[in-house]
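Asker: Sequential numbering from 1 applies to the sequence shown in full-length UniProt numbering.
Hints were generated in silico from the structure; no laboratory data involved.
These numbers were taken from a predicted model, which means no experiment stands behind them.
Any given hint could turn out to be false.
Pairs of lysine-lysine, PhoX-like flavour, derived with a Cα cap of 25 Å [stated by the list, open to error]:
#: 1; residue 1: Lys182; residue 2: Lys96
#: 2; residue 1: Lys134; residue 2: Lys182
#: 3; residue 1: Lys134; residue 2: Lys96
#: 4; residue 1: Lys84; residue 2: Lys134
#: 5; residue 1: Lys156; residue 2: Lys134
#: 6; residue 1: Lys159; residue 2: Lys134
#: 7; residue 1: Lys134; residue 2: Lys186
#: 8; residue 1: Lys84; residue 2: Lys156
#: 9; residue 1: Lys85; residue 2: Lys96
#: 10; residue 1: Lys186; residue 2: Lys35
#: 11; residue 1: Lys96; residue 2: Lys165
#: 12; residue 1: Lys165; residue 2: Lys35
#: 13; residue 1: Lys96; residue 2: Lys186
#: 14; residue 1: Lys186; residue 2: Lys165
#: 15; residue 1: Lys186; residue 2: Lys85
#: 16; residue 1: Lys85; residue 2: Lys35
#: 17; residue 1: Lys156; residue 2: Lys96
#: 18; residue 1: Lys48; residue 2: Lys35
#: 19; residue 1: Lys182; residue 2: Lys85
#: 20; residue 1: Lys165; residue 2: Lys85
#: 21; residue 1: Lys35; residue 2: Lys182
#: 22; residue 1: Lys85; residue 2: Lys48
#: 23; residue 1: Lys48; residue 2: Lys186
#: 24; residue 1: Lys48; residue 2: Lys134
#: 25; residue 1: Lys84; residue 2: Lys96
#: 26; residue 1: Lys48; residue 2: Lys84
#: 27; residue 1: Lys84; residue 2: Lys182
#: 28; residue 1: Lys182; residue 2: Lys165
#: 29; residue 1: Lys35; residue 2: Lys134
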Amino acid sequence: MKKILFLFLALQLFLTGAAFAAVQTNQGENMNGSKLLIAYFSWGGNTKHIAEKIQSQTGGDMFRIETLTPYPADYNETAYGIAKKQHEEGTLPPLKDNGDVSQYDIIFIGTPAWWHEMAPAVKTFITSNDFAGKTIVPFITHGGGGEYTIHEDMTKLSKGANVLKPLVIFGDGNSHTDDEIKDWLKQIE
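Let the hints inform the model, and build the full structure from the sequences given.
Answerer: Now the structure itself:
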């Protein structure tokens, strides 16, 4: 009887280990074993919050896109002053670090929607890097307007890249955001 119980327990451990290994393998295959980067620009923290949630589900490396001259803390001064002017003039603000996407296969790019477009700093990041042959996965935070033409604009700026369906989140998300990200990741897998 002890031998049977021992064999049963050993079989359970083996099957549990196999199931765990399968879960780990599936996790690693979520993005086809590719090297992932999550690059994001965040002024108020919403896009950073979503980037961190994506990172927790994918394990990708993080890169914060930062302008050389930081935007003011005052919303009106930033949104209705500097950001609006940069959009109207097509200004690409210099970054502290343009980043290096060369070692990555899949790059998640996060931006707030500013004046119906991606943040100017994200445009600088995209135009400063070579995305040919890479996959870009956009994620967009907004205050009520949605994605606008950001997906199409990213596709135009990142020549030679495969730009996938964006994740579009109002503000910094809600209690269902983790599930939305999980479902989105499954869809783009």
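Asker: Each hint needs a verdict: does it hold in this structure or not?
Answerer: Checked hints:
no.	hint	verdict
1	Lys182 to Lys96	32 Å, violated
2	Lys134 to Lys182	22 Å, holds
3	Lys134 to Lys96	23 Å, holds
4	Lys84 to Lys134	30 Å, violated
5	Lys156 to Lys134	14 Å, holds
6	Lys159 to Lys134	10 Å, holds
7	Lys134 to Lys186	19 Å, holds
8	Lys84 to Lys156	21 Å, holds
9	Lys85 to Lys96	20 Å, holds
10	Lys186 to Lys35	17 Å, holds
11	Lys96 to Lys165	28 Å, violated
12	Lys165 to Lys35	19 Å, holds
13	Lys96 to Lys186	33 Å, violated
14	Lys186 to Lys165	12 Å, holds
15	Lys186 to Lys85	38 Å, violated
16	Lys85 to Lys35	36 Å, violated
17	Lys156 to Lys96	24 Å, holds
18	Lys48 to Lys35	20 Å, holds
19	Lys182 to Lys85	36 Å, violated
20	Lys165 to Lys85	29 Å, violated
21	Lys35 to Lys182	18 Å, holds
22	Lys85 to Lys48	24 Å, holds
23	Lys48 to Lys186	21 Å, holds
24	Lys48 to Lys134	22 Å, holds
25	Lys84 to Lys96	21 Å, holds
26	Lys48 to Lys84	21 Å, holds
27	Lys84 to Lys182	34 Å, violated
28	Lys182 to Lys165	14 Å, holds
29	Lys35 to Lys134	11 Å, holds
Against the hints set out earlier in the document, violations occur for numbers 1, 4, 11, 13, 15, 16, 19, 20 and 27.
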